[in-house]
Amino acid sequence: MTRLFDLLLYAFTWLCGLILVGAFGTLVVFLLINGLLALDFELIFGSTAIGDALFLKRVVIDGLLPAIVGTCLLIIIALGTALPLGLGAGIYLAEYAGKISKSFFSLIFDLLAGVPSIVIGLFGFSLTLYLHKHFTSIMPCLLISGLALGLLVLPYLIRSTQTALEELPTTLRLTAAALGADQAATLRFVLLPQAVSGIFSGIILAIGRAAEDTAVIMLTGVVATAGIPRSLFSNYEALPFYIYYTASQFRNQQELQRGFGAALILLILCALLFTLAGLVRKKVSKRLMAK
Amino acid sequence: MKRSVRVGRPLVLAATAVGSLLTLAIFAFMMMLGRPLFSDHSLNLLLTQAWAPDRGLYGIFPFICGTLSLVGLSLLIAFPLSLGNAILIHLLAPRRLARFLHQTIKLMTGVPTVVYGFVGIFFLVPLIREWFFRGSGMCILSASLLLAMLISPTMILVFLESFAAIPTAHIRALEALGGTRRQKLVHVILPGAKTGIITGLLLALGRALGDTMIALMVAGNATAAPESVLDSVRTLTAHIALVMAADFDSMEFKTIFACGIILYLWTALLTLSLRYIHYNSTKLSHDQTF
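Read top to bottom, the protein sequences are chains A and B. Letter by letter, the first sequence follows residues 1 to 291 in this note's numbering. Letter by letter, the second sequence follows residues 1 to 290 in this note's numbering.
Mixed in with the good hints, there may be bad ones.
[As the list claims (entries may be wrong)] Pairs of lysine-lysine residues, derived as DSSO-like cross-links and limited to a Cα-Cα distance of at most 27 Å, are as follows:
#	chain 1	residue 1	chain 2	residue 2
1	A	K282	B	K106
2	B	K184	B	K254
3	B	K106	A	K283
4	B	K194	B	K184
Rather than coming from a laboratory, the hints here were simulated on the basis of the structure.
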């Protein structure tokens, strides 16, 4: 009986492992086979000369450059707005909040973390509609998308800041207090410098999230062809949307190839960011262990 | 330094307040824009009717069915798969292989959903079409398989965390009594990780409910309620993405706010249940220690 159970358990778990890793491996290999050949300068710059494209002398029409630039701008806007809020709220929850306000606010931020990204996109869109009634010039645009993405990554930033501060050893706080530092000085000169890599790994994950999300930007102003955006209030292209759009609207083999190239680039980008965040995180836990 | 005390606290409190207000504003905005839908009569129609704008029917019932069938099937696939993987990594695999599996699964949580959708369209959908000789291949089954792949890593990581949190004393005690591996799994690990297993399931459920891209790209977006796993469906999330009608006063357009509100409420309910479970389990372990 025990032998049979062990045998079945072995067979079942190994099968599960094989299926999952096999599926992931298939995905990666499939993208590599179809996308690797497309990866070159032409994929990004199209038929435009690289110099002309980079200095905005000529518009890149058949390359990924506008989409890549769009995604980078989105990341900058999203992190630029969410970072101060996320750091502030994280510090408040870890250091200042009383028991009741802490559990209240962390419930609210848990709710925010659970909101599906398409609903955040819908919020951005409704906000645009509302603003449009009062200022007719406001349409779905780069700025709105960036702000909505900021709201999407906000809970990640809050939680990573809060955990990074809370997992610091109590001895640090005691030592600082014994040396006569008040709460603010302890935070500024002792705790934050110690927590910085933990916070940093949260930021990297937030960048990855902002780079890959498609649902939010779909509702707030991304388009298939816009070129490099000229202002915060114009339409723009983005890498994940390009992938989605190509999958349904490609007209010839060449466009499909570019879609594969874009998917491969996005996958590699996210994997790199993810690994980087993991390494930073590992460094932190090693240092904490040493203490 | 005195100044930083005075400035610091209000500043971080303000950041917290702004973040919280935004969270509530999401809900408030959807309620405001979807308000015309909430008279008793039309709410009932909205939730029970079929979707056929040409006949004046604007019910989102088929999309609720679509979402639930997709999420249900993906959990049915992902739950045993995740439990098997977690047991393999925690208990059975040699250490180095277990580490490799663990790292790979961590990496999988970073795969963009649009990439899953893209590979789904060009790899999985043709395969399903050939295997079942029916339809376009864009169906509940294809989308569920991809969704299962999306949510499994989350579930496995939560399971593993809860396996690791089981007190070593319990395991040592069982080993000292000469317990078998089966007894260890059935009598110590699985019961001890019950809360973690439920947590992982609920988190995965939330992720599957909220996913847009896989459903939108691979599930086929048919507007009728599904009858088999090879039927196409449209989910609530995909409906929001698809109906961006130019006419903002149309009934069609208003339904997307109903979808948004339903999704918000469902995920809020999940968050609250997670909180409740967590609260109960910490209280319990507290009672045991003292």
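Cross-check of the supplied hints:
{"no.": "1", "hint": "A:K282 <-> B:K106", "result": "13 Å, holds"}
{"no.": "2", "hint": "B:K184 <-> B:K254", "result": "55 Å, violated"}
{"no.": "3", "hint": "B:K106 <-> A:K283", "result": "17 Å, holds"}
{"no.": "4", "hint": "B:K194 <-> B:K184", "result": "14 Å, holds"}
Violated hint for the displayed structure: number 2, the only one.
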